[in-house]
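Fit the two chains together into the complex; they arrive one by one in their own frames, and the hints show the way.
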Amino acid sequence: MILLKIFWSFFQIGLFSIGGGMAAIPLIQNQVVTIHNWLTLSEFTDLITIAEMTPGPIAINSATFVGIRIAGIPGAIVATIGCIFPSCIIVSLLAWIYFKYKQLTVLQGILSGLRPTIVALIASAGLTIFSLAIWGDNGFSLDFQLINYVSVIMFGLALFILRKLKPNPIYVMLGSGIIGGVIYMIL
Amino acid sequence: MKSKNNIYKKLFVSSFYLSAFTFGGGFVIIPLMKKKFVDELQWIEENEMLNLAAIAQSSPGAVAVNAAILIGYRVAGILGAIITILGTVLPPFIIISVVSVFYTAFRDNLIVNAVLKGMQAGIAAVIADVVINLGGNVIKGKDIISVLIMAGAFISTFYFKINVVYIILVCGFIGSIRTLFHSNKNKKDDNL
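Going down the list, the sequences are from chains Y and R.
Counting from 1, one number per residue, gives the positions in the first sequence under our numbering.
Counting from 1001, one number per residue, gives the positions in the second sequence under our numbering.
Honestly, the hints are just simulated from the structure, not real lab data.
Treat the hints with caution; some may be incorrect.
Once the Cα atoms are required to be at most 27 Å apart in a straight line, the calculated BS3-like pairs of lysine-lysine come out as [to be verified]:
hint, chain 1, residue 1, chain 2, residue 2
1, R, 1161, Y, 100
2, R, 1004, Y, 100
3, Y, 164, R, 1140
4, Y, 166, R, 1140
Here chain R stands alone, though its shape is the one from the complex (with noise of 0.2 Å):
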């Protein structure tokens, strides 16, 4: 039981850390969440956090819960997804709560906007890094179609701006064509 409720407790303090410096969306929290539950805890594997992922991303809504959901989830059932959304939502809330006060001289303040600046150059660098380590493995993987669809994928949102949800589908699509491709070859060649 204590051990239980150690995860619990886990949960909602990585969750809450984690979204609090959460600044640009929920492609840096995936990285972030990546190096918690992965790496550090040794909760997830690299694979599966990858398919949550692209879950989160899939759904509608804010892809940082939806990531939250699925990872308190997959820990520690309905209770861990209620943990991790409490522990992803309540940063946000209390520091808006706060700056909404008064939000023009936050806005307008200098130190702010100076440490912010800062701090662009470590979350680029924080994402390189997770960026260096799954990319690598999937070269590393050396399965072609993979590389391509990961080229290709980024090619799309980055230059061409192409909506996520549609890369998403096609993506999606193309894997399940090439597992098809790859079991009916399989029974083939089971029958020689």
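So here's chain Y without its partners, still in its complex pose (with noise of 0.2 Å):
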């Protein structure tokens, strides 16, 4: 039954990756991969470059790509779910800790450590994508030649814009998507 073997591949990236996007690939490949053959290793390759252009996270992203290629619709939609699955029942127990205990000082004093990490990994994800935006795939460099200058004046406007008028974040992503995107076509 191949629906219930895409389900039990999908629930088990879904359990196993702890810790978002990244840590998630190597459970993929390894699954649609490596055991079961649905997908070429360029395809993989493929479908991670798909993932990381389109919205969303790379393991709902490849679960609707790989169940679409082996089983039409019905398998893209076993796939989501059983992706989900681990999330929606661990996610929903440490929810109802967390609202019932959440005055117990021990908790609070977790979540009082964890609050600034969160900042900082935000930061971090941050960080990323601008050294993204301003060199390219190649990172931070000193080498004046090698920076996007456009991305540098589209980042500042927008963090302008963000801090001064306080607009929709939706629409500064976007406006710099057409602007940056009209620019790019153009030189």
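Right, here's the structure in full:
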């Protein structure tokens, strides 16, 4: 039963990928390429490229992509449900514990240590995308010729607008996509 | 009843379009969720949002889905969680379903690549904006341990690429020790 197989594969991916998208990639590769031969390695590389070009978590993108190729829309639905099923159960359990016991001193203490950590993780993700926008795939460099000045100016403008006018951030992202897209097409 | 339906509708629409614009993983959606649910709708407090983000990061699975479950549950119970899961999963599901049909054309399309390249600068600015607010609040709190945790976690993840799971474990441990130490000290002060 192929649908059951798909469900079980993505259930395992959902269960064992702790720590976000990058942690999920080797698990997906193991299930989809190595164990089941549902995709070739080059198709898998395409999948990761597309997952990074489209919105949404990599695990969900992969589930939809692999599910559709193996068993059409039902396959995609089953794979996606399999992927989020472990999260639903474990997060619901943690949510219940959190809302019931959040006044406990120990839990308050743990969370007081985690809040600044989350800020740091967001900052790190932001800086990674910033360096991707400014220096491309090669990362930080002191060579002025490698700096993408279009990105630098757009970043500065976007941040200025966000701080001063406080618009909906979606518009800023869309606007920079359109303006940047036009500029890069012309250049 | 009408206001409840309104909340469900708003939950679905918010999580749907946040998910539709989350390029680049869980820590891009957390700042957007913070802007939407804390600053704009004021359904959740800033500290609680960070607590929920910490739980989402510590659980298995995609951070965006986990955070959506927690926010939905916090705002409108189990039904709220189901609504936010649907809202978060549908955009990538629909987009990938369409793209999978002609994915090589999509991958090599110059316009798509140019727009995505342009969006990077905007996404970086949105995250920078939220980090300035959140980080500023941590520093303004004048709690030296929190500031040290933030700096240490940043260096560990950005420079040393240490697995986030270990960073979460260590920082949670430091936080619990500090609180126990504080409450013992307070007890002693009370006895005096």
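Failing hints, ascending? 1
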